[in-house]
Amino acid sequence: MLQTISLFAPQLVLAFFASQLLSTGAFAKKDISVGVRYFAVGVLVLYALIGFVLGQPTGTAFKGALIVDSYSHYMNFFLGMSAAAALMFSKSFFQTEKLDRFEFSVLVLYCTLGMSIMVSSNTLLSLYIGIEMQSLALYVMAAFNRDSLRASEAGLKYFVLGAISSGLLLYGASLIYGFTGSLEFTHIAQVVSEGATPGIIAGMVFLLCGLAFKISAAPFHMWTPDVYEGSPTPVTGFFAGAPKFAAMALIARLLVGPFGDITTQWQQVIIVLAVLSMFVGAIGALTQTNIKRLMAYSSIANMGYALVALSAGTQAGVKGMLIFMSIYTITVIGIFACILQMRIRNGMVEQISDLAGLSKTNRGLAIVLTMFMFSVMGIPPLLGFFGKFFAFIPAMEAGLTWLVVLALVASVIGAFYYLRLVKIMWGDENENEFVQAPKTLRGLAVITALLVFPLLLLPMISIPAQSWISQAAASLF
Amino acid sequence: MVVTTGLLFLSAILSWVALYKVGIGHEEADIKVLRWMDVGDMKADWAFKIDTLTAVMLVVVNSVSALVHLYSWGYMSDDEFKPRFFSYLSLFTFAMLMLVTSNNFIQLFFGWEGVGLASYLLIGYYFKKDTANAASIKAFVTNRVGDVGLALGVMTVFLVFGSVNFDVVFNAIAENSDRRLPFLGMEFNAIELIAALLFIGAMGKSAQFVLHVWLPDAMEGPTPVSALIHAATMVTAGVFLVCRASSIYEAAPITSGFITAMGAFTALFAATVALVQNDIKRVIAYSTCSQLGYMFFAAGVGAYSAAMFHLFTHAFFKALLFLCAGSVIHALHHEQDMRKMGGIRKKVPITYAAMIVGTLAITGIGIPAIEAKIGFAGFFSKDAIIEAAYSAGIAGSGSGSFAFWVGITAALMTSFYSWRLIFMTFHGDYRGDKHTFDHAHESPKVMLVPLALLSLGAILAGAVFYKYFMGNAGDFWHGALPSKYGAGHAAIAPDYLMAAAEGSADGYDTVKHTGPFAFLFNTFHGYPRWVLFLPLIVSLSGLFIAFMMYMRGEGAAKHIRTVEETGGGPLYNFLLNKWYIDELYDVTIVKGARKLGDIFWKIGDVKIIDGLGPNGVAAFAAGSAKRLSKIQSGFLYHYAFVMLIGVAAIIALVFRTVGG
Chain A
1 MLQTISLFAP QLVLAFFASQ LLSTGAFAKK DISVGVRYFA VGVLVLYALI GFVLGQPTGT
61 AFKGALIVDS YSHYMNFFLG MSAAAALMFS KSFFQTEKLD RFEFSVLVLY CTLGMSIMVS
121 SNTLLSLYIG IEMQSLALYV MAAFNRDSLR ASEAGLKYFV LGAISSGLLL YGASLIYGFT
181 GSLEFTHIAQ VVSEGATPGI IAGMVFLLCG LAFKISAAPF HMWTPDVYEG SPTPVTGFFA
241 GAPKFAAMAL IARLLVGPFG DITTQWQQVI IVLAVLSMFV GAIGALTQTN IKRLMAYSSI
301 ANMGYALVAL SAGTQAGVKG MLIFMSIYTI TVIGIFACIL QMRIRNGMVE QISDLAGLSK
361 TNRGLAIVLT MFMFSVMGIP PLLGFFGKFF AFIPAMEAGL TWLVVLALVA SVIGAFYYLR
421 LVKIMWGDEN ENEFVQAPKT LRGLAVITAL LVFPLLLLPM ISIPAQSWIS QAAASLF
Chain B
1 MVVTTGLLFL SAILSWVALY KVGIGHEEAD IKVLRWMDVG DMKADWAFKI DTLTAVMLVV
61 VNSVSALVHL YSWGYMSDDE FKPRFFSYLS LFTFAMLMLV TSNNFIQLFF GWEGVGLASY
121 LLIGYYFKKD TANAASIKAF VTNRVGDVGL ALGVMTVFLV FGSVNFDVVF NAIAENSDRR
181 LPFLGMEFNA IELIAALLFI GAMGKSAQFV LHVWLPDAME GPTPVSALIH AATMVTAGVF
241 LVCRASSIYE AAPITSGFIT AMGAFTALFA ATVALVQNDI KRVIAYSTCS QLGYMFFAAG
301 VGAYSAAMFH LFTHAFFKAL LFLCAGSVIH ALHHEQDMRK MGGIRKKVPI TYAAMIVGTL
361 AITGIGIPAI EAKIGFAGFF SKDAIIEAAY SAGIAGSGSG SFAFWVGITA ALMTSFYSWR
421 LIFMTFHGDY RGDKHTFDHA HESPKVMLVP LALLSLGAIL AGAVFYKYFM GNAGDFWHGA
481 LPSKYGAGHA AIAPDYLMAA AEGSADGYDT VKHTGPFAFL FNTFHGYPRW VLFLPLIVSL
541 SGLFIAFMMY MRGEGAAKHI RTVEETGGGP LYNFLLNKWY IDELYDVTIV KGARKLGDIF
601 WKIGDVKIID GLGPNGVAAF AAGSAKRLSK IQSGFLYHYA FVMLIGVAAI IALVFRTVGG
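Protein chains in written order, with our numbering: chain A, 1 to 477; chain B, 1 to 660.
A hint or two may mislead.
Chain B regions said to be covered by chain A (calculated; three or more residues, Cβ under 8 angstroms) [unchecked claim]:
#1 460-467
#2 618-628
#3 650-656
Simulated from the structure, these hints should not be mistaken for lab results. The structure presented is a predicted model; accordingly, all values stated were derived computationally and were not measured. Glycine included, C-beta positions come from ideal geometry on N, C-alpha and C.
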């Protein structure tokens, strides 16, 4: 029992405090949203670190329903930190938009709990529970501005399409259960290694399609631009980071775990998803004028790059995916911390043209945002370059040179719209001036910018970080 | 300014020390500094190979460069971009030193391109002048043509010998002398091919006929640059290359014959053009071209030491002439047209004196056929070359005797145009703007000191170094140049030279002629006296003709008027327009290249590369983006439809390969 608790401590922390905050908020006489937010941030940090405080225990809990290994420790840390960052940068937005409610913080906590169950899941059932817990929270968050037509539409669209994807997922899970007679990953792996029947393969494809929706890989990406645009900006920022990473991590666990012996079969699926995502993301972004829609397509493309790494099917591939996604998540948080600073006197703006002449009116913001743009483009020495480097090398080694060539072509196309943003900031005449952003936002932007550029490249950080990620990737195999 | 000049004087002094140590003391060195590239068998070092040949070049480069740096203090005093000018000059000197100290072909190529770059930058130094920009591009493009030859030559060297190191290559020539290589659909002897390709490079850099067109235009650069790069050092790189690779040329008699003929022709061609030019710097530029021709035919007949000797003395007197011309130009407020000069010797006496010294040196005034060595620098080196050509001709080399007679003719012309320059510039009546004449003044001391030092060189360089360069006294060359000549070269036997240098009684004076002109046909140190006297005689004739034309009566003014009135005769115009070579190139190569370029640009680039490449892809991407945004309709059922189609497609794909 005690062992189970120590293994499951991060999730327990989240579940306990989320329920606690919910009931406190419900019965509180006055608005306690600010206090709840800070408390929730503290809880998330605690969640991120508790695994390390307890000495990184490993094992399975709840009769094998959940597995705790280096992989899930790494993910817990990263998910907790990025959720905390997202919660921090939501503060000023919700306050000025008069939307601040304590439920938002609670939803973030529940969503994170769902994600942490996803990355630790060891049976199809826990997988589904995790996904649904995360998704339900996200549906509500997308429609959090319930008075806004666009936000409600976004939430509804997300919910309906999410339901379809859950249907696909469940159908796949039931096929697999039917053909293997088990929900447990270890048992499925055993059956698969004895010979994969078409039923299992079909189940796997449905399962993957359902999960592809969560990472918004093409052709399951259609919801992304609309939901990104319609949701409140901090929610979009949250969407783009942690949930994507969690779903991607779950896909990796699924692929090398139960389906590790049918690499050739799932490899094709992943490659198709990767190529489609990269090109839909790169090309679709070309004509966008709204920066949130732009980021939606950007995230589609980036999921494609992460899938390129996974398609190698090797340990190096998983490591490459982890590095790429970690860097991408940091960058996205930074970019949204910048987007949230786009406020003129009349309110928030989100058109790309609103950034015109930013280098003259707000040089600091322009420099930071330019750095992020160069990072996602993959220009050394910024971190984005290393992300792509580690993502593409395993695919090269696995003999998928043509896939890497396509990825590079897509990167070149994608560079266009990132560069256009830079050009607008530095080259165009400014039209309006942004009001001074609150300290938290500026601080977050600067911290992530520092992470993207100099800090994470320092050898005393980059070398242990790499070995940590290697260890996390190794624990899957 | 101070830094570059100071350091160059230091290196100049050190290079004289090096010449003494290497030439007299035989302390050759081959210092490897760094491995530069190591790709397969291809290995090249950054290295310094210091033998006598290099030491001579070091002296030439560093001395002239140092003096030119100093001179530029005065000449460029009112220029606003002095730091740029001096850094270019120093960059040039660095590249030139890399070139001459190299121990392999790759580093040599590096230096070769480096001096080409510096030359380009300095010709176009006055970047606001269209003509300067055009001239710099012309120089660069023409040099590229030669550089292709050099690059191919170096590659062929590597192909044949598997190495680019000088020592390795030169030692392996004998065993490869029969190898044949296909080139342009024909088969050639490998060594001949290498020699010819390297010579094409040398032709470009040293402005030999066909590739000479850039040198006169290069005079658009500041005058100190003309003195340093386009007279004394860079243009002699081709001669240096041929001498450095003398082992290769020894084994390539056909190419050597070609070099002889080409050098001789250039000497004659450039001299004829120089006869009628009116721009003071262009006269000297064509003179340089002509003198380079001399050096090449000397190298062609195998008299590498004579070529190097002329290179050495030429550096002094040609730099002197250029700097004097610069001094005149400086005095007359950047007037370069000799038709607008005249009678300024009183205004610039020191320049005038130095110019006279330079002219005496280039026209080769001295006393031949006596034991004591009396004469100006050019006398020794040019006569050595002419004698070498004579010996080659006697030994049966057709190109040798051609070169001999051409050399004599060109010497006549050299004398004429050099004195014409003096007479038109310094004598007679002033023909330009009165105001300019009144303000004409002698140059400042920083410009006169280099003139004085170079005058000293122009007077003494020949007499002092004759026995080392030509006589190989004290084994001066120490194997840096071949002491025995190959079968293809029947040129001057070194014994002749040794005897001539030491003035000892020798065994070659045996045949005694009789008769009234016996004196002329009897030999002195192996050469009939008429051969020895002829250069001096034609030189004095040139002086005489020039004097008669430009000093008698109205002199220059009359000729200038005649030309203005009549437009000059056909021969005059033919020469004035440099044999219409530029026009010929314009009609054939430039226009042709432009047409070809048009084709590549309009069809190849715009339609094919841009059309299918950047623009095509961009159009495709933009089109796809439009189609994508059409699908992105915002309707829920569209989205769901795409998702389900996606699932179906993926299932189909997977099961196509599974076959289940």
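Right, here's what the structure says about each hint:
1. A count of 0 residues in the region 460-467 of chain B with a Cβ less than 8 angstroms from any Cβ of chain A is obtained; the coverage claim is therefore unmet, three being the minimum.
2. Three residues within the 8 angstroms Cβ limit are the bar, and the region 618-628 of chain B against chain A gives 6, so the coverage statement holds.
3. Given a C-beta distance limit of less than 8 angstroms, the hint that chain A covers the region 650-656 of chain B holds, as 5 residues qualify and 3 suffice.
Consistency note: the structure conflicts with earlier hint 1 alone.
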